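Participant: I would like the entire structure built from these sequences, with the hints used as guidance.
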Amino acid sequence: MSKSRRNWPLILGGGMLVVILCLAIAGPTLAPRDPREHNMVIQVEGKWLIPPYPAFTPGFPLGSDTLGRDLLSWLLWSVRPTMVLVLIVAAARLFLGLLIGVGAGWSDRLVGRFCDGLITATLAVPTLIAALIVITAVGFHVGVWAFVIGMAITGWAETAQLVREQTRTIRAQDAVEAAVALGASGGQILLLHILPQVMPMLWMLLAFEISHTLVTTAGLGFLGYYLGGAVFTEVDDFVFQRISEMPELGQMLATVWMVLDEPWAMVAAGTLVFIIVLAFNLIGEGLQQRLTRQHSGARSLYTRVAGDVLPWFGDLAETLRTLAKRR
Amino acid sequence: MTRFLVLRFVMIPIALLVTVLLAYGYAHVVQWDYARRYPQLHRQLTVTHPRPLSLVAAYRDYLPKLLHGNLGTLRNGESIVVVLRRATGASLGLLVVALSISIPLGLILGIAAARWTRSRPARWLMLLATVGLAMPSFYVGSLLILFSVSYVLIRGGSGGAPFPLAGFGWDRHLVLPTLALTLRPTVQIAQVTASLLTGELRKQYVFAARSFGHSWRAVKQRLALRNVLAPVVLTIAGSLRMVVTDLILVEWLFFWPGLGRFMALALIPAARTNMANSPYLLEPPFVAAILGAVTAIFLLADFSASTLVRLCDPRLRAPGREEVGDV
Numbered sequence: 033m034s035k036s037r038r039n040w041p042l043i044l045g046g047g048m049l050v051v052i053l054c055l056a057i058a059g060p061t062l063a064p065r066d067p068r069e070h071n072m073v074i075q076v077e078g079k080w081l082i083p084p085y086p087a088f089t090p091g092f093p094l095g096s097d098t099l100g101r102d103l104l105s106w107l108l109w110s111v112r113p114t115m116v117l118v119l120i121v122a123a124a125r126l127f128l129g130l131l132i133g134v135g136a137g138w139s140d141r142l143v144g145r146f147c148d149g150l151i152t153a154t155l156a157v158p159t160l161i162a163a164l165i166v167i168t169a170v171g172f173h174v175g176v177w178a179f180v181i182g183m184a185i186t187g188w189a190e191t192a193q194l195v196r197e198q199t200r201t202i203r204a205q206d207a208v209e210a211a212v213a214l215g216a217s218g219g220q221i222l223l224l225h226i227l228p229q230v231m232p233m234l235w236m237l238l239a240f241e242i243s244h245t246l247v248t249t250a251g252l253g254f255l256g257y258y259l260g261g262a263v264f265t266e267v268d269d270f271v272f273q274r275i276s277e278m279p280e281l282g283q284m285l286a287t288v289w290m291v292l293d294e295p296w297a298m299v300a301a302g303t304l305v306f307i308i309v310l311a312f313n314l315i316g317e318g319l320q321q322r323l324t325r326q327h328s329g330a331r332s333l334y335t336r337v338a339g340d341v342l343p344w345f346g347d348l349a350e351t352l353r354t355l356a357k358r359r
Numbered sequence: 092m093t094r095f096l097v098l099r100f101v102m103i104p105i106a107l108l109v110t111v112l113l114a115y116g117y118a119h120v121v122q123w124d125y126a127r128r129y130p131q132l133h134r135q136l137t138v139t140h141p142r143p144l145s146l147v148a149a150y151r152d153y154l155p156k157l158l159h160g161n162l163g164t165l166r167n168g169e170s171i172v173v174v175l176r177r178a179t180g181a182s183l184g185l186l187v188v189a190l191s192i193s194i195p196l197g198l199i200l201g202i203a204a205a206r207w208t209r210s211r212p213a214r215w216l217m218l219l220a221t222v223g224l225a226m227p228s229f230y231v232g233s234l235l236i237l238f239s240v241s242y243v244l245i246r247g248g249s250g251g252a253p254f255p256l257a258g259f260g261w262d263r264h265l266v267l268p269t270l271a272l273t274l275r276p277t278v279q280i281a282q283v284t285a286s287l288l289t290g291e292l293r294k295q296y297v298f299a300a301r302s303f304g305h306s307w308r309a310v311k312q313r314l315a316l317r318n319v320l321a322p323v324v325l326t327i328a329g330s331l332r333m334v335v336t337d338l339i340l341v342e343w344l345f346f347w348p349g350l351g352r353f354m355a356l357a358l359i360p361a362a363r364t365n366m367a368n369s370p371y372l373l374e375p376p377f378v379a380a381i382l383g384a385v386t387a388i389f390l391l392a393d394f395s396a397s398t399l400v401r402l403c404d405p406r407l408r409a410p411g412r413e414e415v416g417d418v
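In the order they appear, the protein sequences are chains A and B. Counted the way our numbering counts, the first sequence spans residues 33 to 359. Counted the way our numbering counts, the second sequence spans residues 92 to 418.
The set of hints was computed from the structure by calculation and includes no laboratory data. None of the values given here were measured: they were computed from a predicted structure. Among the clues, some could well be false.
To be verified - Quick look at which bits of chain B chain A covers, simulated, 3 or more residues with Cβ under 8 Å:
1) 215 to 227
2) 339 to 345
Stated by the list, open to error - Facing chain A, according to a computed beta carbon distance under 7 Å, are these residues of chain B, among others:
3) 230
4) 233
5) 236
6) 237
7) 240
8) 244
9) 245
10) 355
11) 358
Built from N, CA and C at the ideal position, the CB exists for glycine as well.
Facilitator: The following block contains the structure:
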């Protein structure tokens, strides 16, 4: 492969993904301490310290929380549950997106119009706000399913919109017209023509879904909604501290930023989120480039980015695209 | 055009009323559900209502007040109108400042990165966009806090941070929240502008203009930019939605008392407060007012964008296109 033809986003993203997978699998082994271990008092250079220990304290590179729990160990333990949650949500969003997208692109009848309307309406609701509303309603006691429902309830729409466009493109192909002329049923066309051509997009869509889901998960976590819930403990008169016993990236973001003049732990957790999101964005971008090379005329980078924005304007965006093509 | 504007304008109060009523109903149901689980909240609620009101009775109580412009009071006796006015002012100020930086900056970067020699915009913008879009706003905010704290430490702790790390004010307090909000919309606008312009510059009329002796700069800025202005306006309106979502996180991080922060307080038990003592948590008229205000911003942004697009592109004002854009 020539240098210019190398798919750098895919190579870089793939490399980063390998590191993230290693961290998810071996993170707990690499952690220097048990993340749940309370260290209520430690001695450093002859001085007795009580938690929270600042960053760079010996034995606590990122510092500790108010119970003296090592934040580095907490961070290393948190990748696995977060990634499991994100994968479950992304898979649910992808499944819904495929189902509704194919429905909207394939059918011209009531089902198609319903799916079409559903996509347009759902795209108008910001995912974070919808997730906040739904998770509050469903409640923490439901556990992981509250997050799956909250983040999947509107998150599927972008995938559905891409799949709908792809399905409509495939539907207009001569091969599909020929199959109809030969008497193929709707189900046969769907299984033999539509799905095989939509499936190559699957990995690209999954990569972008994981990246979007992680951003939403981190945002929710930062606001205080994270996996595992929390226990409220009164630490002072009328002041309650949220204590969590489950390491998770969102939970770290929620609890470590409370002290604004000690942002190291927050930056460390945020950087990890940023790297994972970047890795999946690069993989998605690389896979998209590969698809573009395989099928000329596939979606450009602009349509992916603008695709997040323009659908909110429904037919107007469609008209602009048509006019741009005509010119 | 006039018909479109009138129709669209009439739809705004209807959509707003529907949102407010749905939000009120949601908060009413969820609040009593929470009250069953949290005795303190139950005690507070039963001070005003010894028994839970049915949803219909609650609407019957709320709707006449709403139609008379009375949004009600919080559990601590504070007027919701006063809180809402203050919060809307704070958020709109932040939004206006953030967008007045990100829109021109995004356009300048996009125009600079557009190329006529290749099918893709300049690589530096692609890199900037990939990194920028992977950075959640709260992470950008935490990096800014880290830089501020490092600056103080480098100076030996003398003097404060260059800009306040938290709080509200129409002075230096604006700097950090604005910077945290600006990055993502800037790169998105730049990316879309660059991609559209790059595509536009490969069209025949551009080469014709060049053959008449116009410089590339003149062609790009006077001819091509005008032709891509409509989708760019839609992207800017879409960016506003993204900024409003980010507003929740940024206001939460910097303790900015705007709509985003109050929305979080209304929907989320804050990390350091006992949820039952919060006067905002799931208070139905307050949830309705906050979600209504956010929806109003979205609707007005849509209306302004759809109108501007028609002003930018005469083809959209042509007869037969009147209904386009009715989302």
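Participant: What are the numbers of the hints the structure violates, in ascending order?
Facilitator: Result: hints 8, 9 break, sorted rising.
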